[in-house]
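Enquirer: If you're matching them up, the sequences are chains U and A in order. Take the first sequence: its position 28, counted from the start at 1, is 28 in the numbering used here, and no numbers get skipped. Take the second sequence: its position 104, counted from the start at 1, is 104 in the numbering used here, and no numbers get skipped.
Don't take every hint at face value.
Derived, one-sided and incomplete: chain U residues facing chain A with beta-carbon distance under 10 Å [what the hints assert, rightly or not]:
hint	residue
1	87
2	91
3	103
4	121
Treat the hints as calculated values from the structure; they're not laboratory data. Where a beta carbon is used, it is the ideal one built from N, C-alpha and C, also for glycine.
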Amino acid sequence: MPLIEAKNLCKSYGAIRAVHDVSFSVDRGEVVGFLGPNGAGKSTTMKMLTGHLRADAGSAVIAGFDVAENSVRAKQHLGYSPEGAPAYGEMTVREFLRFAADLRGLSDPAESVRQTLELCRLKEVAAQTIDTLSKGYRMRVGFAQAVLHDPEVLILDEPTDGLDPNQKFEVRRILKEMAARKAVIVSTHILEEVGELCTRVVVIAKGEVRCDESRDKFLARGPDLNAVFRQLTA
Amino acid sequence: MSSSEKSPSVGLAPFTAILRREFAGYFRTPLAYVFLAVFNAFAVSLAFFVGGLYESGIASLDRFFLYHPWLWAFLAPAAGARLWAEERRQGTIELLLTWPVTVWQAALGKFLAAWAFLACALLMTLPIAFTVGWLGKPDWGVIASGYIGSLLCAGACLGIAAIASALTRSQVIAFVTGFLACFILVLVGYGVFDELLAGLLGSGSIDEIRRLGLWRNLEPFTLGLIDIRPISYFVSVALAGLGLSTIIVERR
Chain U
1 MPLIEAKNLC KSYGAIRAVH DVSFSVDRGE VVGFLGPNGA GKSTTMKMLT GHLRADAGSA
61 VIAGFDVAEN SVRAKQHLGY SPEGAPAYGE MTVREFLRFA ADLRGLSDPA ESVRQTLELC
121 RLKEVAAQTI DTLSKGYRMR VGFAQAVLHD PEVLILDEPT DGLDPNQKFE VRRILKEMAA
181 RKAVIVSTHI LEEVGELCTR VVVIAKGEVR CDESRDKFLA RGPDLNAVFR QLTA
Chain A
1 MSSSEKSPSV GLAPFTAILR REFAGYFRTP LAYVFLAVFN AFAVSLAFFV GGLYESGIAS
61 LDRFFLYHPW LWAFLAPAAG ARLWAEERRQ GTIELLLTWP VTVWQAALGK FLAAWAFLAC
121 ALLMTLPIAF TVGWLGKPDW GVIASGYIGS LLCAGACLGI AAIASALTRS QVIAFVTGFL
181 ACFILVLVGY GVFDELLAGL LGSGSIDEIR RLGLWRNLEP FTLGLIDIRP ISYFVSVALA
241 GLGLSTIIVE RR
């Protein structure tokens, strides 16, 4: 059974068709690079998968639970970092993660927070309010709340956006470490990430899936990934 | 299920986590202390300087409670403006709605935290009761029922504030619309709309309309009457606000 399943997802905003009939699935151990130009429907698809947006038609299943019908169970298995990594800015990093751990009812919240601070290299800023952090740290806080409960399903909307090369390397390192046990979707428009991080690629443009194939097959499409991307999303 | 999953439990955990965070949230910024100070200053000075509590020579707090609908109409929306508007502004609503918590649980936790904060503001006015007790021999039962009524009135105003906050990402807009809605409920009780309403609906319905005002429902409490009708009025307004704000958040 795949851990993530998008089945014929559709979403329109008024007359604008944001996502149309998007289907794909992700198994344990897979890291799917979710690619597409801005406005292609990446975030909208992720929002439907995570239960933030209700699909007009179709369904999303996380770890066997339908996101619309069994939302709390589905969300227990899900870690999600929305675009821009929003967080309660007035809280310290530790308070914020502790809140998320308490809300999820983790059996040992203090220990989960400690491990996550370590994993995401946030220990030195744990006592700082999130508002005072640099972008790199804020993104890591967003990532931290998503992996806090060691979920089976991880959905990350542009987790490396705005990070410097070292920080990007860090996030990819952590992701690769945990990928074997999880089903991961990472949206990005950095094509180099595909080769370094992903096992599979789903390209979306104008709300439709244009390509869904293994990394190797995708990389074999041509030497210039930017040209491949332009051609697929035209 | 993977063995690595840290056995998440369901139940009340999300609700209590939200309740605690929201309540503590008020004290994270200096605004809470400003709020408490303003509430107290207004509550006490309105009673003494406008209501003539001291000059009346009566050991009773009805002149103190008389202004509470005004106070809550202004200050409940101020405290309630952040409930949802702040989540939208910071984008954290997307986290909240993708964490394993129902919107109902989140809304109830937020509402109760804000109500508890308003209760703190109200409790800080207790010295005025002790002052009256020191100056004369008040009926403590009547004072207690006045406080209960005022707290219920605060809950009703907060329900309205919750709707206003669910509709916008701006705390300022949430406050202004919440205040206006509460303000109408204050005015209805004073009969300033009488002529207008009589013209529109006929004079027979004026009394029914007035029953919808905040003061009309608070007044019995200040006289020591704990009646089912005003209680159900305040509770229904609060619940309606809670329910509507939840539906608004769910629908978006």
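Enquirer: Please go over all the hints and tell whether each is borne out by the structure.
Expert: Going down the list of hints, with the structure as the test:
1. Residue-level restraint check for residue 87 of chain U holds (minimum Cβ-Cβ distance to chain A is 7 Å; threshold 10 Å).
2. Because the beta carbon of residue 91 of chain U sits about 7 Å from the nearest beta carbon in chain A, less than 10 Å, this interface hint is met.
3. Below 10 Å, beta-carbon pairs count as interface contacts, and residue 103 of chain U has one with chain A at about 4 Å; its hint therefore holds.
4. The restraint placing residue 121 of chain U at the interface with chain A is violated, with a minimum CB-CB distance near 20 Å, outside the 10 Å limit.
The structure does not agree with numbered hint 4 stated previously, though it agrees with all others.
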